[in-house]
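Below, each chain spelled out in residue letters.
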Amino acid sequence: MPKEDFDCIVIGAGPAGSAAAYILAKNNLKVCLVEKGDFPGSKNLMGGVLYSRPTCDIIPDFYKEAPLERPIVEKQIWMMKSSSTLKFAFRDKDFSREPYNSFSVLRAKFDKWFADKVDEAGVYVIPKTTVTDLVKEGSAFVGIKTDRPDGDLRAKVIVLAEGGNPLLALKTGLCAPLDPKKVALSVKQILFLPEEKINERFNVGKEEGISIEMLGDITEGMVGTGFLYTNKNTISLGMGAIIADFVKQKIKPYELIERLKEHPSISPLIKDGVVREYAAHMIPEGGYNGIGQLYDDGILLVGDTLGLVNAIHGEGSNLAMISGKLAAETIVEAASKNDFSKSGLASYRQKLFDSLVVKDLHKYKDALAYFEGNQPTTDLYLDWLTSSAKEMLTVNGQTKKEKQKKIIKNLYKKRSRRKVIKDAFNLWRVFK
Amino acid sequence: MNLDDLLFTVSVKPDEEVHIKIKDQAVCRDKCKEQDRPCTYVCPARVYFFSEEEQKIIVSYERCLEDGACYVACPYDNIDWRFPRGGSGVSYKFG
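The listed protein sequences derive, respectively, from chains A and B.
Reading the first sequence from the start, the letters are residues 0 to 431 in numbering that gives the first Met the number 0.
Reading the second sequence from the start, the letters are residues 0 to 94 in numbering that gives the first Met the number 0.
Simulated from the structure, these hints should not be mistaken for laboratory data.
Among the hints, a few may not be true.
Dumping the calculated EDC-like pairs for lysine to aspartate or glutamate here, alpha-carbon to alpha-carbon at most 16 Å [what the hints assert, rightly or not]: (1) B:Lys92 - A:Asp37; (2) A:Lys247 - B:Asp35; (3) A:Lys251 - B:Glu61; (4) A:Lys127 - B:Asp35; (5) A:Lys247 - B:Glu33; (6) A:Lys170 - B:Asp79; (7) A:Lys251 - B:Asp79; (8) A:Lys111 - A:Asp37; (9) A:Lys249 - B:Asp3.
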């Protein structure tokens, strides 16, 4: 372990931590990045889609050298019942061209690359080291304790980027105990398929990928979604749902994903796919109302540790990077005044709240509460939409007018006219 | 695919030190009986198993994927959960 003191210790080599460390080093601060994994990225996980723009804001043209899977050219949303699927899709050629919109990525590879860039920028990267506690003097955080012999380190300021399982923040009271209603558990499988097979089955070119978000019966009544992303020669297939719902419904996560694989819309796509890896991760779903304490004397929190996840749009790594960047900019300013106290770091709040991170979370601030109380209603509408599609598309001698009447009658049989209007209003309010 | 086969695909370097402990087995045995002991089915790696014979939770910590859902789901905050020591535990190849 290094003997000297640092300007800043960053805990956790994910997108938030690496972004912060990179910018700090580029501003000539003495930084170390401590990571518990065997290598940076080895314990990191997401679906996952990485967005191009926020990454370019940190490392311009990163896509020319980073280990990415495929540019996402098409986004699909599937509404699923046990034996049918209603699909929406959007594809744009621009998404397959520079500067791209997003990429499917495998985080063990991408985060390792990112940490290597951080290392090249002059950061002391220390893997294989678990931070066991934060050291406080008076009210100020001044260093870390690690599980290495002589492994304690000191710094003027700490960036806490430990992800969605924030043990240190919990231990030091920087974040409140995690509420099972506001945290999701996500599981995924990496399925190997030859590249050409993926291209054929998903109707994409060599350097093109698609993302699919799935709603409906597949979550078996829980608030959650499924996802499928095409990588180069693997597929990321997974599902996530609120932990309290897993508890309530007594559903085993690994069985849920096995049932998804049997769905008639999924099984032909993944046929003969060989499982290469199984993984699980927690995701903070508290949204705007779940944003925790941002900073304290000598410390700033970023990324998933702060709860910066937009569950509606499936965004997290981009918000993590932006928060890491803003935390670094705050520290650079604080360093110029040599004031890392709470008041010296206070501009972080303004920066974060003025950014699209908090603005986007604010837009959907009521979404989780809405879905939490309304899963049966949401399922009712998804069910109605899929059966309506089936009704209209089935040619059986009934006139289209008769079918339309039947569809509307079906809806009002399930839900009164008054309630339908109210639901529509509520939905508009949440998404407006 | 069953869970054991799934876990076979994950590379885990178990820490020699146990990183998960049940704080009070009596709580799992008695109080949590009514809740059906959520850790035994929420955990995506089935680290927790209630042995009827021994009347206690058996913790197979070496299967752990370090997601942390167990301690969030535990109704009695009865799981002492830490990360395994640096470099050990789960190490994803894909992530």
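Results of checking the hints against the structure:
no.: 1; hint: B:Lys92 - A:Asp37; result: 11 Å, holds
no.: 2; hint: A:Lys247 - B:Asp35; result: 10 Å, holds
no.: 3; hint: A:Lys251 - B:Glu61; result: 19 Å, violated
no.: 4; hint: A:Lys127 - B:Asp35; result: 37 Å, violated
no.: 5; hint: A:Lys247 - B:Glu33; result: 12 Å, holds
no.: 6; hint: A:Lys170 - B:Asp79; result: 12 Å, holds
no.: 7; hint: A:Lys251 - B:Asp79; result: 22 Å, violated
no.: 8; hint: A:Lys111 - A:Asp37; result: 11 Å, holds
no.: 9; hint: A:Lys249 - B:Asp3; result: 20 Å, violated
The earlier numbered hints that this structure contradicts are 3, 4, 7 and 9.
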